[in-house]
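Participant: Please arrange chain S on chain A, whose structure you already have, making use of the hints.
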Amino acid sequence: MKFMHVADLHLESPFKGMLGNDIPNQLNKDILNSTFDSFASVVKDAINKKVDFLLIVGDLFDSDNPSPKAKLFLQEQFEKLNEFHIPVFMSYGNHDYHSNELGIYPKNVYVFPDKVTNKIVQIKNKSVGMCGFSYTDKWIDAIKINDYPIKSNVDYQIGMFHGDDATESHYANFSVNQLLSKNYDYWALGHIHKRQQLNANPPIWYSGNTQGRHQNESGDKGYLIIDTDTNKVQFNATSKINWSNLELQLDNMSEMQLIQVILNAIIKQGFKKMNLLKLDIYFQKLPQLSNDDLLEMLQDNLKDKYQDLNAWVYNINFRSVKNNFNLIGDKYWKLTQDKVFNTDNISDSASSLFKYSFIKEYFSKHDNILELNQLSKNILMGDEMKGDE
Amino acid sequence: MLIKQLKIFGYGKWQDDDIILKSDKLNVIFGNNESGKTTLVSFIKGILFGFKDGHNTYEQYIPKNTKSYGGELLVDIDGQLFILKRIAGAHGGELSIIKNDSGDKVSNDYLKNILGPINRDAFDNIFYFGNFDTKAFSKVSDEQLAYIIQKVGFAGSEKFIQLKDDLVKRNKKIYAKTGRKPLLNKKLKEYESLLDRINQAKLKQNDYTNLENSLNHVKLEYNRANDEFKSISTNLNQLQNFKNNWNLCQKLKKYNDLKKINLPSGFDEEDKIVLDNIYNQLNNLNDKIKNLEDQLNVNDNVKLTKQNNEFNKAYADIEKFKSRLDLIEKNIIEYNSNIHNLNSLKKQIAIYKKYYSQNLNSKPLNDVQISEIKSLLKSKSDLLTQTSKKDPKSVFTLKNNYLYSLLLICAILMMAAGLFTNLLISAIGSVLLVVSGFKMLYDNHNRSLQAEQELSQQLNDINIKLEFYKKQFNYESDNPNDWIMLQPNLKNYNKILTNYNHLKIEVDTLLKTLNTYFDNFNKITHVTDSEDSYSDKLLKVKSYINKNEHEIYLYQNNANQNNALVSKQKQLTSKITEIKHTLNAFFKNRNIKNRNEFNEEYARQLKIKQEMNDLSQINQQISEEVYCSINKYDSLTTLNNEYSDVNAKLNSLQKNILNLTKQKTELQSQISLLKADGTYLELVQQKANLESEIIHLTKNWLSLELSNQWIDKMLDLATADLIPNIKSRAQEYFSILTNANYINITYYKSKLKLTRFDKIKFDVGELSRGTMQQLYFAILLSMAVGFSQKYSLPILIDDGFYEYDNNRYNQAMKLINEVSKDVQVIYLTADSSVKDYFDSQSIIEIK
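Chains as they are written, first to last, in this note's numbering: chain A, 1 to 389; chain S, 1 to 847.
Pulled out of the complex, with its shape left as it was, chain A reads as follows:
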C-alpha cells in the first residue's frame, strides 16, 4: 500500500520579510493563495496516485481561529478526497489547537482527539494502526510519547507526532530512541518545518511544511509519499513559491550596470517556479547607492519581467568583502562594542519602538544583534571608505 505524509500546512500564513512597496498584483495574489495552492496540489496528487490514505500531522491552520475561507477550503479539499474514497487522518498542532470545533468534515476524515489514540483500520486486507493526538493548547509539557502503545496485533503501525526532538521545549518533545522503542513501522512527524530524516529503518521523518513563508524556509516544500512494499520514502514538491538566497560579488559600478549584472545572474539560475530572492552583494568598496535604493530600482525593473524570470527580489544586503573591522584605534572599538551591542542597551535606546512586540522580539535575537553590529561597521567603515582609500 502507499500513503502520503504532510504537515504544517499553515493555511493563510502570511509571507514575512518582504521589502519594497510595489509588489506586483499577480504576485501578491499568488502569495496570498500559495498555502492553499500547495495543499490543493497535494490533494490532486493523492487522487491521481490513488494513495490509500493521507496523514496530516498538525498545524493545518496558522491560528486557532482561522477565517471562514480557510475552513471552507479545507472542507472542500476533504470532500474531493471523499469522492475518491481516500481517508484522511489528521491531528491539530500548537498553532491550530482549538480542538474539534474547527469544522465538520466529511466522513472520510478522522481527527485525533487530545488523548493519545491508536486508530486501527483495514486497508487492502491489512490491519493498519495509526496513533496520534491533537493539541488543545499552545504548549504541551506532558511527555505524550509515553502514552503511545508498543506495536501489537496489526500488520503495519504508524505513529503521528507533532512535536520537537529537542531536549527542552514547550512543544511535546521526544527522543528518537523513545520512538524506536515502540517498534512502529513509520513515524510521521510534524512541527519542524525543515524536511529531515531522523532515522532510516524504520523511517522517521519530518515532512516539513508545504509552503515556505520566509527566508529560513527556503527550497522546495511538499509532501512525502511512502510505499510500504518497497519501503521507499519519496519527496514531491508542491510549493508554488520558493525562497532562496543569491550571493554575488561585485565591484563598484554604475547603477544600471549593477542591475544588469544582477538580472543576468538571475537569468542564469533558470528558475522553473517562482522564487523570492534575497541578494547578498559583497563589495570591495560600498557604493554610494544604498541597498534600499538599489532594491527599489531593481524591483521597478523586474515588474514586467518577474514572471518570465520566475524571480522577485525582496531584499538586498550589502556586505563588505573586508571582514576585519579596520579602523584607527581598533582596540577602543573592540572594547566598547559589547557595551553598545547588547539587548539591554538596544532596548533602552529603542524603548519607544520596543513597545511593539514584533520589533522587540526581532532585536532580542542574537543573530539580529550581530547584524546590527555589521551594519554599524559598514557605516563606520563605509564612511571612511567612501572618502580616501
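There's no promise every hint is true.
Listed next, the in silico EDC-like pairs over lysine to aspartate or glutamate satisfying Cα-Cα at most 16 Å (straight line) [unchecked claim]:
#	chain 1	residue 1	chain 2	residue 2
1	A	71	S	72
2	A	339	S	716
3	S	609	S	269
4	S	699	A	292
5	S	523	S	287
6	A	355	S	192
7	S	465	S	372
8	S	609	S	624
9	S	699	A	79
10	S	570	S	317
11	S	173	A	292
12	S	202	A	64
13	S	37	S	845
14	A	71	S	212
15	A	71	S	677
16	A	331	S	716
17	S	45	S	166
18	A	360	S	693
19	S	512	S	329
20	A	334	S	716
21	S	85	S	17
22	S	609	S	270
23	S	177	A	348
24	S	675	A	76
25	A	124	A	227
26	A	16	S	682
27	A	334	S	712
28	S	105	S	72
29	S	45	S	72
30	S	85	S	192
31	S	699	A	37
32	A	29	S	677
33	A	107	A	79
If you are wondering where the hints come from, they were derived from the structure by calculation, not from laboratory data.
Facilitator: Chain S alone, transformed into the frame defined by chain A:
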C-alpha cells in the same frame, strides 16, 4: 609654539606694524577700545589657521588701503625660530614658512603637524577666551564639554564627530520619539491603523459564526412555519371540500333511506331481457309455423300426369334407350356425312368413267414396277442409239488399245531413231508399226462386231419383259410410257372405287342400327313417325324422356318439401310448448301471473334502482369519511365560520413565512460575502510586509543610533585618560578663582557637579552667573593647559572679565599668572587696572 613677534603688512587698521611679545609666559596687550585688539587676535588666528574668506566680510579685516594684506608671525617651535608668513590668496591665504636663521623654506605641512587636530574652531574652544556667554555656558552639558575634549584629544576624531552629526541627521529622518514626519514614524502610524483594520476584519470573521447560527435558527423556524402552513393548508382544503359537498351530502342523506327498501329479486334488466326474449321467441315460432302452413297449402296443388305414370311404369326399359342416346346421335351424324360422301364419290366415279373408260380396267403399277419399266425403256433406247451410231470411237478407246499405242509409239521412235543411227532400227520400227497397226485394226473390228451382237440380244430381252407387263397388267397400249402416264389416274380411280365400296357397307350398317333403335322405341311409346328424319326422331325421343323425367322430378321434390315442412311444423310446435313451460316457470318463480305484472314490478324496481344509482354516484363523489365529517356540522353556517377562521390563520402564517424567507436570504448573502472575503488575509499579509519594512527601518535607525553610541563610547574610552587630568586641574583653577569657595568638581553620570566648601553639591545650572563664568574659565583654562602639553599653542584671552567684581578679578588675574607658568598667555584688555597686577615688562601698550 611660542609667538615672538607679530609683523602685520596690512590687516584691519594695522598696517606695516610690528608687535614684539617679550615674554614666553605672560604678555599683556593693553589698548583702549577701538585700538584693534580683537583685530590682532584675528590676525594671529588668521596666520595660524588661514584668513577667513569672503563669506564673512567683516571678519576678513581687509585693510582700507588695499596695498597689502596679511603678515608674519615669528614663532619659536621647540627652540627653533620660524617665520609664518601668510598673504592674500585663495583658501585662506598663501602660507609660507621660513626658517628664521637660514631663510630656508619649510613645507606648509610642518605647521599642520604642529597644529595637529587643532583647527580654528578647536582653537576658539580651547585656547581662546572671548566674551563669555552665560546662556550658552549654562546649557553646556557634559556631553559638549566632553565633546570638546574628545574633539581635540583624539586623532582622527573629527571624522567621527562629523559622522556623528551626519548620523544624527540621518537618524532624525528615519525616526524621532515624537513627530510625524520621519519615515519610521509614518510607518508606525500606518501600522497602528492597519492593526485596527485587521481587528475589524477579524470581528467580521467572528460575525461569520454568529451569522451561521442565526441562519440555522431562521432555517429551523422557516421549516417549522412551512410545516404548519402545510397542515393548515390541508385543513383548509378539507373544509373547502366539505363546503363544496354540503348539498350532495344532504341528497345523500335522503337517499340513504331508499337503501332500506326491500326489492325482490328476479326483476332485473337481465330478467326483463330474458322475458322479452321468450316472448320474441314465441312470436317468431308462431310466425314460422304460419309461414309453413301457407307453404303447405301452396304445395298441395302439385300432381302427376297420366303420361308421367306411364313413363314411370316403363322406366326400366326407357332407361336402356336413354343410355344409348349419345351413341345414336353420333351414328346419325356419321350416317348423314357418309351419305353425303357416298354421293360425291359416285359423282367422281362417273367422271372417270366418262374420260377413261377403257383404260380403267388396267391394273396400276407400283413404284418398283414402274422403275423397272423405266430402266428397261432406257436400256432399250440406249441400245438402240448404240446400234444406230456405230461409233468407232466408242470402241476405239485408248484403253482398249493401250498396248497397241505403246507399240506404235515405240515403232515411231525406233523409226526416228533409226534414221539417225541405224536404218535397221527404223526398218524394224516400221515393220512393227505396220504389224501392230494391222493387229490393232483387226481387234477393233472384232470388237465392234461383238458389241453389235450383244446389243441386239439385249434388245430382245427387254422387249420380252415389256410384253409380259402389258399382258399381266392389262394394258392396251404397247408403249410403256403410256402405261406410266396412266398410273396416277388409275391409282386414283381405284382408290375412289375402294372408298365407295367401303362407305357403302358402312352406311348400310348404320341404317340398320338406327332403324332398329327407333322402331323399338316406338313399341314402348309411339313418339316418332316414319317420315321423320333420324335427327328429328332423336329429338322427339329425347324431349319425351326429358319432359317426363322433369315432371316427375318436380313432383317428387314437392312431395319431399311438404314432408320437411310438416316435420318442421311439428318441431316448432314442440318448441313452443317448451318455451311456454319456461315462461310459466318464469312467472311462477316470481310469483306473478303474466307479463304485465312483471313489467309493473320491473318498472318499479327500475325506478328505485335508478334513484339508488344516483345515490351510489353521490356515494362515489363523497367518501364515507367525508360524509361522516360533514354530518358533524349542524348547519352550513357553522361550517363556513370555521372555514374563515382557518383561512385567516393561514394568511398570517404566510406573511410570517415571507418574512422568514427574507431573513434567510439576507443572512445567506451576508455569509456568502464573508466566505468570499479575502480582506483579512490580505490585511494580514500587508501587516507582515509592513512589519518587515518597519524592522528594516528600525534596523537602519538602530544601526545609526548605535553607531553614534559606539563612537561616543569609543571616544570616551580613548579620551578617558585625558579627562581626569583636565578634571583635576579644573578643580584647582576653580578653587583659586572662587577663593576656595568650591572645592571639588566631580563628574557624576557624565554630569558636572560642583562641591562647595560645605560639601554641598550643585549642578552647573544652579550656580550663579558669576560662578558659572568662573567655572567656565577654570575648565577651559585647564583644558588649554592640558592640551598644550601635546599641542603647545599660546592662550589668547580677549578681555572677558568685565563682568567680574574686584574680588573675582583679583582671582582671575592670579589664575592667569598661574597658568602662564605652563603656557604662553596673551591677555588683551582695555582695563587699565591691569597695570596693577602685572609688571610693565609683560605689558605692551597699543594705541
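Participant: Confirm or reject each hint.
Facilitator: So, going through the hints one by one against the coordinates:
no.	hint	verdict
1	A/71 <-> S/72	violated, 90 Å
2	A/339 <-> S/716	holds, 12 Å
3	S/609 <-> S/269	holds, 11 Å
4	S/699 <-> A/292	holds, 12 Å
5	S/523 <-> S/287	violated, 54 Å
6	A/355 <-> S/192	holds, 12 Å
7	S/465 <-> S/372	holds, 10 Å
8	S/609 <-> S/624	violated, 20 Å
9	S/699 <-> A/79	violated, 47 Å
10	S/570 <-> S/317	violated, 41 Å
11	S/173 <-> A/292	holds, 15 Å
12	S/202 <-> A/64	holds, 13 Å
13	S/37 <-> S/845	holds, 10 Å
14	A/71 <-> S/212	holds, 13 Å
15	A/71 <-> S/677	holds, 13 Å
16	A/331 <-> S/716	holds, 13 Å
17	S/45 <-> S/166	violated, 28 Å
18	A/360 <-> S/693	holds, 15 Å
19	S/512 <-> S/329	holds, 14 Å
20	A/334 <-> S/716	holds, 13 Å
21	S/85 <-> S/17	holds, 14 Å
22	S/609 <-> S/270	holds, 14 Å
23	S/177 <-> A/348	holds, 13 Å
24	S/675 <-> A/76	holds, 13 Å
25	A/124 <-> A/227	holds, 14 Å
26	A/16 <-> S/682	holds, 13 Å
27	A/334 <-> S/712	holds, 13 Å
28	S/105 <-> S/72	holds, 14 Å
29	S/45 <-> S/72	holds, 12 Å
30	S/85 <-> S/192	violated, 65 Å
31	S/699 <-> A/37	violated, 34 Å
32	A/29 <-> S/677	holds, 14 Å
33	A/107 <-> A/79	holds, 9 Å
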